[in-house]
Each structure stands twice: as structure tokens, then as C-alpha cells.
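Residues per chain are reported as follows:
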Amino acid sequence: TQLLEQSPQFLSIQEGENLTVYCNSSSVFSSLQWYRQEPGEGPVLLVTVVTGGEVKKLKRLTFQFGDARKDSSLHITAAQPGDTGLYLCAGGGAGGTSYGKLTFGQGTILTVHP
Amino acid sequence: NAGVTQTPKFRVLKTGQSMTLLCAQDMNHEYMYWYRQDPGMGLRLIHYSVGEGTTAKGEVPDGYNVSRLKKQNFLLGLESAAPSQTSVYFCASRGTSQETQYFGPGTRLLVL
Numbered sequence: 001t002q003l004l005e006q007s008p009q010f011l012s013i014q015e016g017e018n019l020t021v022y023c024n025s026s027s028v029f030s031s032l033q034w035y036r037q038e039p040g041e042g043p044v045l046l047v048t049v050v051t052g053g054e055v056k057k058l059k060r061l062t063f064q065f066g067d068a069r070k071d072s073s074l075h076i077t078a079a080q081p082g083d084t085g086l087y088l089c090a091g092g093g094a095g096g097t098s099y100g101k102l103t104f105g106q107g108t109i110l111t112v113h114p
Numbered sequence: 001n002a003g004v005t006q007t008p009k010f011r012v013l014k015t016g017q018s019m020t021l022l023c024a025q026d027m028n029h030e031y032m033y034w035y036r037q038d039p040g041m042g043l044r045l046i047h048y049s050v051g052e053g054t055t056a057k058g059e060v061p062d063g064y065n066v067s068r069l070k071k072q073n074f075l076l077g078l079e080s081a082a083p084s085q086t087s088v089y090f091c092a093s094r095g096t097s098q099e100t101q102y103f104g105p106g107t108r109l110l111v112l
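Chains as they are written, first to last, in my numbering: chain V, 1 to 114; chain Y, 1 to 112.
Simulated from the structure, these hints should not be mistaken for lab results. This one's a predicted model, so the numbers in the text were calculated from it and none came from an experiment. Please note that the accuracy of each hint is not assured.
Only some residues are given here: those of chain Y computed to face chain V with a beta carbon under 7 Å [as the list claims (entries may be wrong)]:
no.: 1; residue: 39
no.: 2; residue: 80
no.: 3; residue: 103
no.: 4; residue: 105
no.: 5; residue: 109
Derived CB-CB ranges, DEER-like [stated by the list, open to error]:
no.: 6; chain 1: V; residue 1: 15; chain 2: Y; residue 2: 79; range: 44 to 50 Å
no.: 7; chain 1: V; residue 1: 45; chain 2: Y; residue 2: 73; range: 21 to 27 Å
no.: 8; chain 1: Y; residue 1: 82; chain 2: V; residue 2: 82; range: 36 to 42 Å
Only pairs whose alpha carbons sit at most 20 Å apart, straight line, appear in this in silico EDC-like list of lysine to aspartate or glutamate [what the hints assert, rightly or not]:
no.: 9; chain 1: Y; residue 1: 9; chain 2: V; residue 2: 38
no.: 10; chain 1: V; residue 1: 57; chain 2: Y; residue 2: 99
no.: 11; chain 1: V; residue 1: 59; chain 2: V; residue 2: 5
no.: 12; chain 1: Y; residue 1: 9; chain 2: V; residue 2: 71
no.: 13; chain 1: Y; residue 1: 57; chain 2: Y; residue 2: 38
no.: 14; chain 1: V; residue 1: 70; chain 2: Y; residue 2: 99
no.: 15; chain 1: Y; residue 1: 9; chain 2: Y; residue 2: 26
no.: 16; chain 1: Y; residue 1: 70; chain 2: Y; residue 2: 30
no.: 17; chain 1: V; residue 1: 56; chain 2: Y; residue 2: 52
no.: 18; chain 1: V; residue 1: 56; chain 2: V; residue 2: 41
no.: 19; chain 1: V; residue 1: 56; chain 2: V; residue 2: 67
no.: 20; chain 1: Y; residue 1: 14; chain 2: Y; residue 2: 26
no.: 21; chain 1: V; residue 1: 56; chain 2: V; residue 2: 71
no.: 22; chain 1: V; residue 1: 57; chain 2: V; residue 2: 41
no.: 23; chain 1: V; residue 1: 70; chain 2: V; residue 2: 41
All C-beta atoms in this analysis are idealised placements derived from N, C-alpha and C, irrespective of residue type, glycine included.
Taking the hints into account, I'd like the entire structure generated from these sequences.
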């Protein structure tokens, strides 16, 4: 069974601060996705990384996939109250029988105070 | 284009009662999934389907059954609800060549 350990579970910061969320596993994943979920809604995909060492940027968010494809990080620069939400990492398996199944981390609840 | 819809939005059951959660998608996706979300545990896969008429077990299938009689619908059944099944249930769908899973808004279930 593949497991993804996400840390920290809770993060409470002031507007303008930087933060990093980590996602670690002992297993290799073919891809790593990051989702954001707001209260009362389903998760929404932010990014997919598929190559070891890959870095993707979305405005103030930077996503990195580890060289060995076992870990990933999400860095937010100058956090804003609108960034508040639950952030989930999810690993995708390799091979034709994975059928797009994902293994999710426990999630990080981020609260950004004005 | 409604995406993924789920009914009902909220339900309260007594222990031992049965119910069916309905998921519908209008994106012609082959793959569909049912997850449960509990505090501190992320999303866990219950069952999934790779096409009409096919279903398979996920990580936590016990106590649940599913059916995919039509491509656009994926039903999750609880035959005899237990308090441990109190959770938020999410349905998702994905195309075979896509990376993105599209999630519904969730069904909040409370079993007393």
C-alpha cells in the first residue's frame, strides 16, 4: 500500500508570510498532484508534476517534484487570505492498470489571517 | 455543462438503514471514483469504475457496494449503515487520457 505523509496538518500564518507544505512517501509515484479544497466543496486540481525534479509555478505558488519521485512540496509566497483552504497532495500510480487512481495525503489546513 | 453532481447533499440515517448515493457526470468520462473524507485522513478510495458495467474495490470497500449501469452514473450503496460510515462522500470522474479528476460537491452523511 502506497502512503503519502503530508505536513504540517495545520498552518496558521499572517498575510504576507511565506509557507511550505511537504508531501513525502517511501513509494515512487508516476505523478504527483496538488488539490485545493474549500469548505463545502470538492477538491480542485492546482497542478500535476510528472518528472523527477520538475518545478512548476502558478503565480505565487511553486510546486516541486522530488528527483526520486517520492516527495513533493508546495511553496506559497506572500500568502493572502484568499489562499485559505485545505491543500491535498495526491500520488498517481504507474502502469496501465492504475486507471488514474490516486493516493491522497492527509491534507494541510491553511489559514491566512489579514 | 454541470460537471459532476451528487445527490443528496446531506442525509441522516439510523444504524442499520440503507441508502444510495447518486453521482452523475456529463463529461463522457470513462473513469469514476467514490471517496470518503474524514478529518485528518485525506480522501480514501472506496470503489472505482473504469467503464460502464465494470466496478472494482478501492482502499476501503467494506460495507459499500457500487453499480455503473450507465456511463454517466455511478451509484454508491450502503446496505446497513453503521456510525463508522459517518463521513463526507465525494464522487470524481476522469477521462482516460486526462490527468485531472473532477470532483462533485460531496454528500455529508451522518449515521446515528
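Taking the hints in turn, this is what the structure says about them:
no.	hint	verdict
1	39	violated (9 Å)
2	80	violated (27 Å)
3	103	holds (3 Å)
4	105	holds (6 Å)
5	109	violated (14 Å)
6	15(V) with 79(Y): 44 to 50 Å	holds (49 Å)
7	45(V) with 73(Y): 21 to 27 Å	holds (23 Å)
8	82(Y) with 82(V): 36 to 42 Å	holds (39 Å)
9	9(Y) with 38(V)	holds (16 Å)
10	57(V) with 99(Y)	holds (18 Å)
11	59(V) with 5(V)	violated (26 Å)
12	9(Y) with 71(V)	violated (35 Å)
13	57(Y) with 38(Y)	holds (19 Å)
14	70(V) with 99(Y)	holds (18 Å)
15	9(Y) with 26(Y)	holds (18 Å)
16	70(Y) with 30(Y)	holds (11 Å)
17	56(V) with 52(Y)	violated (35 Å)
18	56(V) with 41(V)	violated (25 Å)
19	56(V) with 67(V)	holds (14 Å)
20	14(Y) with 26(Y)	violated (32 Å)
21	56(V) with 71(V)	holds (14 Å)
22	57(V) with 41(V)	violated (24 Å)
23	70(V) with 41(V)	violated (28 Å)
Hint compliance for this structure: hints 1, 2, 5, 11, 12, 17, 18, 20, 22, 23 are not met, and every other hint is.
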